[in-house]
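Residue numbers (my numbering), protein chains in the order written: chain A, 1 to 113; chain B, 1 to 111.
Read the hints as simulated data drawn from the structure, not as lab findings.
Just so you know, even glycine gets a beta-carbon here, dropped at the ideal spot from N, CA and C.
One should not assume that every hint holds.
Said to hold, decoys possible - The calculated lysine-lysine pairs, modelled on BS3-like cross-linking and capped at a C-alpha distance of 30 Å, are:
(1) A:Lys44 - B:Lys57
(2) A:Lys11 - B:Lys57
(3) B:Lys98 - A:Lys71
(4) A:Lys44 - B:Lys98
(5) B:Lys59 - B:Lys98
(6) B:Lys57 - A:Lys83
(7) B:Lys56 - A:Lys78
(8) A:Lys44 - B:Lys108
(9) A:Lys62 - B:Lys98
(10) A:Lys78 - B:Lys98
(11) B:Lys108 - A:Lys11
(12) B:Lys56 - A:Lys44
As the list claims (entries may be wrong) - A short, non-exhaustive set of chain A residues, derived as facing chain B with CB atoms under 8 Å:
(13) Gln36
(14) Gly40
(15) Gln41
(16) Leu45
(17) Gly53
(18) Asp56
(19) Phe65
(20) Ala88
(21) Leu91
(22) Tyr102
(23) Ser106
(24) Gly107
Stated by the list, open to error - For each label pair, taking beta carbons as the anchor points, the in silico distance ranges come out as:
(25) A:Gly40 - B:Asn18: 15 to 25 Å
(26) B:Gly16 - A:Leu39: 37 to 47 Å
(27) A:Asp56 - B:Gln14: 40 to 50 Å
(28) A:Gly40 - B:Glu110: 11 to 21 Å
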Amino acid sequence: EAGVAQSPRYKIIEKRQSVAFWCNPISGHATLYWYQQILGQGPKLLIQFQNNGVVDDSQLPKDRFSAERLKGVDSTLKIQPAKLEDSAVYLCASSLDRGPGYTFGSGTRLTVV
Amino acid sequence: TQLLEQSPQFLSIQEGENLTVYCNSSSVFSSLQWYRQEPGEGPVLLVTVVTGGEVKKLKRLTFQFGDARKDSSLHITAAQPGDTGLYLCAGEEGGGNKLTFGTGTQLKVEL
Chain A
1 EAGVAQSPRY
11 KIIEKRQSVA
21 FWCNPISGHA
31 TLYWYQQILG
41 QGPKLLIQFQ
51 NNGVVDDSQL
61 PKDRFSAERL
71 KGVDSTLKIQ
81 PAKLEDSAVY
91 LCASSLDRGP
101 GYTFGSGTRL
111 TVV
Chain B
1 TQLLEQSPQF
11 LSIQEGENLT
21 VYCNSSSVFS
31 SLQWYRQEPG
41 EGPVLLVTVV
51 TGGEVKKLKR
61 LTFQFGDARK
71 DSSLHITAAQ
81 PGDTGLYLCA
91 GEEGGGNKLT
101 FGTGTQLKVE
111 L
């Protein structure tokens, strides 16, 4: 079974620029998550989709972050404009509705300078 | 938002030693999962525990879910350098399929 695909793997941008990340979940996984992980810490949930609807975006900084999941499959996460504190790894994960756990992608490491 | 505290935050040991990582919360979870994450990769699921008092073994790793389903522990016997990584516990809130991750324990096993 193919895993969760994310791109790009690395991105370096200047503050105030915009950036977008892409995620392709495991086929058949209805639930998709975006997490932000600061180095050495546990991931923090940004947004959870069920098919193409948002289930939870309570911790998404909506003034600068946006996410969409068109047709209930692929998803994109955008940051505009980026701040220095957005430097982190952005992880995408997917799961079945009642699965044994999440499957994570390898993440996108963002550095804002 | 439920808070999951892990201890210790950092652990550096020699090959062959035993260790225990703790995951504690004041909230009750419907299930608790443990993940291991290596540099440059996403977390990988190790185990899911769902019943209070449950103990699961995965080779040299033993996972226990507290009776009240508020805490968990991970015990590694005879640690090896390949066990090095960031260990994360994650609690699932009832019915929502949403995980809250712990603060993480960075383990380094040296030869």
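Exercise for the section: Determine which of the earlier numbered hints do not hold for this structure and return their numbers in increasing order. Expected result: 2, 6, 7, 13, 17, 19, 20 and 26
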